[in-house]
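Mind docking chains L, Y and U on chain R? Use the hints.
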Amino acid sequence: MSSIRIAVENIGKSFGARRVLRGISLEAVSGEVVAVTGANGSGKSTFLKIVAGLIRPSSGTITLTVDDREIAEPDARRRVVSYAGPDLAFYPELTAQENLSFFAEVRTLPITLAGIKNSLVAVGLGGRGDDPVGVYSSGMRQRLRLAFATMLDTPLLLLDEPSLALDKEGVRLVAQTIERQRAKGGVTLLATNDPEEAELGDRAITANGARSQTFSTLIAVGGPALVSGGIGKG
Amino acid sequence: MWGVREIHAVFLKELRTEWRTKVALSSTALFAIGGVTLAALALRGNPPLALDDPSRASVAAGLLWILLFFTGATGLGRAFALEEERGTALALRLTARASAVWIGKFLANALLILGLAIIATPMLITALDAGRNVNALLLTCVVASGCIGIAATMTFAGALVAQASAKSGLLATLSLPALAPLFVAAIHGTRAALGVGTRLGIAPAFQTGMGDLQVLASYAVISVTAALMLFDYLWND
Amino acid sequence: MGEMFPLLAVALLIWAGIFGFIFVVDRKVKALEERVNRELALTRKGEEAIR
Amino acid sequence: MATIAKIVLGILTGVFTALAFLYLKPAEGFPRPELARIVALHLPNAMAAIVAAFVAAIFGWKYLARGRNPLDDAKSKIAAVLAAIFCGLTTVTGMVFAQYQWGAPWNWDPKQTCIFLLLLIYAAYFVLRAGIEDPEKKGATAAAYIVFAGVMTPLLGYVIPKYLPSLHPTNTKFDAAYHTVIWGMSACLIGIFAWLQNIGIRYEQVKGMAQQLEEEMA
Chain R
1 MSSIRIAVEN IGKSFGARRV LRGISLEAVS GEVVAVTGAN GSGKSTFLKI
51 VAGLIRPSSG TITLTVDDRE IAEPDARRRV VSYAGPDLAF YPELTAQENL
101 SFFAEVRTLP ITLAGIKNSL VAVGLGGRGD DPVGVYSSGM RQRLRLAFAT
151 MLDTPLLLLD EPSLALDKEG VRLVAQTIER QRAKGGVTLL ATNDPEEAEL
201 GDRAITANGA RSQTFSTLIA VGGPALVSGG IGKG
Chain L
1 MWGVREIHAV FLKELRTEWR TKVALSSTAL FAIGGVTLAA LALRGNPPLA
51 LDDPSRASVA AGLLWILLFF TGATGLGRAF ALEEERGTAL ALRLTARASA
101 VWIGKFLANA LLILGLAIIA TPMLITALDA GRNVNALLLT CVVASGCIGI
151 AATMTFAGAL VAQASAKSGL LATLSLPALA PLFVAAIHGT RAALGVGTRL
201 GIAPAFQTGM GDLQVLASYA VISVTAALML FDYLWND
Chain Y
1 MGEMFPLLAV ALLIWAGIFG FIFVVDRKVK ALEERVNREL ALTRKGEEAI
51 R
Chain U
1 MATIAKIVLG ILTGVFTALA FLYLKPAEGF PRPELARIVA LHLPNAMAAI
51 VAAFVAAIFG WKYLARGRNP LDDAKSKIAA VLAAIFCGLT TVTGMVFAQY
101 QWGAPWNWDP KQTCIFLLLL IYAAYFVLRA GIEDPEKKGA TAAAYIVFAG
151 VMTPLLGYVI PKYLPSLHPT NTKFDAAYHT VIWGMSACLI GIFAWLQNIG
201 IRYEQVKGMA QQLEEEMA
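So the protein lines, in turn, are chains R, L, Y and U. Taking my numbering, I'd label the letters of the first sequence as residues 1 to 234. Taking my numbering, I'd label the letters of the second sequence as residues 1 to 237. Taking my numbering, I'd label the letters of the third sequence as residues 1 to 51. Taking my numbering, I'd label the letters of the fourth sequence as residues 1 to 218.
If you're looking for bench data, these hints aren't it; they were derived computationally from the structure. Incorrect hints may appear among the rest.
[What the hints assert, rightly or not] Quick list of simulated restraints, FRET-style, between CB atoms: (1) R27/Y x A7/R: 44 to 50 Å; (2) R66/U x V25/Y: 26 to 32 Å; (3) K45/Y x G134/R: 55 to 61 Å.
Glycine residues also receive a C-beta, built at the ideal position from the N, C-alpha and C atoms.
In isolation and in its complexed conformation, chain R is listed as follows:
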């Protein structure tokens, strides 16, 4: 896996006059896992979507560098970032396998049907790959989201509440996914409310919603605290 570096500088977002995010900064390099914590409505999800390129930030910059090459083009970014979040949905008329095949095709991934079946097996959906996603339970959908994100196999992995609706085994799966991403030398950003899950990160940053930058602090959970943003440094 290629080496990656992500630098987020002072990202802010307002929807009109309503400010949902202010002054988030962060830097991470290959092998790191950063937990993004914060109360409900603090802007964690918005932050992840901004990094994924799904929402345009109102202020601040994000610099993605892969193998010393800066990624600027939206099409190039699609090949570098994958995302799994609660509002990621799939086509209910298509089977899980058809869904993944379709997304692999539009991304022109060099992946075979066997590879897609394997990634379904890996998230515990091996026997249900031919069922239409419309009949899936919420836990199965969550597993499919994980399969989607890992199938894309990108240096930057964004997980928003990955354990949502998952059983014990599913939670272990999330930890495995993150460990594998770390071993490959990728970066993982993990937005979570669960303090136990936040422990999976080497360190954590807190999204503090609309409040001023002065108050958005940074808490180190452990591990190599590299450069961090905001005022308080880990």
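Quick look at chains L, Y and U alone, frame taken from chain R:
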């Protein structure tokens, strides 16, 4: 530049999801058939109207494009509206390029409206008895190129409407003024194909309709190009 | 030519009304601008004082 | 400075209005020659509408393609409002003219049809804006529509005159007096457009600042 593999994937996905539910297919087909029925009821009622050939042809040309416009407005907006409603737009935006998404959906929409036109056009023309002097080749060319223009503009307008909360009727409202030049030429061309202002035979009808075909072709080219360029900005927001 | 003058007077009166209206709106916006600017300056000053 | 320009604009508008009544000769060949003077208001209104439509499309494109600056969206939106107003005035003055000279207020004449479709575009534009909550999505979507419609309308201007028989004069030449008055009046109306546009932008800006202020107080 625009990968064929990606366009093909989007196109096939559109067809496959539509084929499993057949919602757009059945609703638009019923819409078109219902329209033809009403037109026939109005014009073939008792006492019978004594319309001459050119009048019947003109009425048929007008009704055909009214029918295709509203059939399109019923069915073609789904392509993007569904992605937004079900939240699949997110996964699509994470993986697919703007050009592939737009072209794939445009092709699927064009196929849908062309299919409907193939059913509705002969039905309407026989129902109104407007085909006595028909030039089938010109009619096919006019209807096909007109449908491509409608599909392009409505696929683009559908992407805009998908962002709005109240969607009903909005697609027709947005696309009608943009489609006006197309309809002017398409109705004129259809009238020519049905023998208005021409005498029988291939050459005269094509002489009258050539200008219309040129307008329809340039409309298709301009609308596809403009939609592709603008959609790129919207998709990579 | 002479019968045009009453019509012209009406037309000029309408124009005067339109221009007067735009002028008043312009002034109102200007007043609003000044008020908001003043309040903005006050808040900034307040923030600095707290620090 | 600005005040002086506004006063000059007002005086000029008055002068050209006076010229329209006193200097223009009644147009010959019309049923009501003295009423033909309304073209001195009709054509300049159409001119201002076109300028406003152009401004709306340009700033729409700028918003869409150049970094989503809310100010560009505001400029585009205000120009669209003004374009709709000038379109409406053009239609009304045109209908008055048509009623007295051609016998009916509406004839589906090519230019009437064009202006009608232009009005329809702006109506659709505002319906679209009203239907979208998020200001950025609203701006981008509305901008995409106004640019798309802006690309399609010249085609309309090219296509429609080819198909519909026109009542508008194509070969009658206006004399020099008409030219002076129409161009002068056009300049005045475009000046009024610029002034209104400026007021509108300032209002949008001050509204934004007030909201920001509220946000900071909270």
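Hints, verified against the model:
{"no.": "1", "hint": "R27/Y x A7/R: 44 to 50 Å", "result": "49 Å, holds"}
{"no.": "2", "hint": "R66/U x V25/Y: 26 to 32 Å", "result": "30 Å, holds"}
{"no.": "3", "hint": "K45/Y x G134/R: 55 to 61 Å", "result": "59 Å, holds"}
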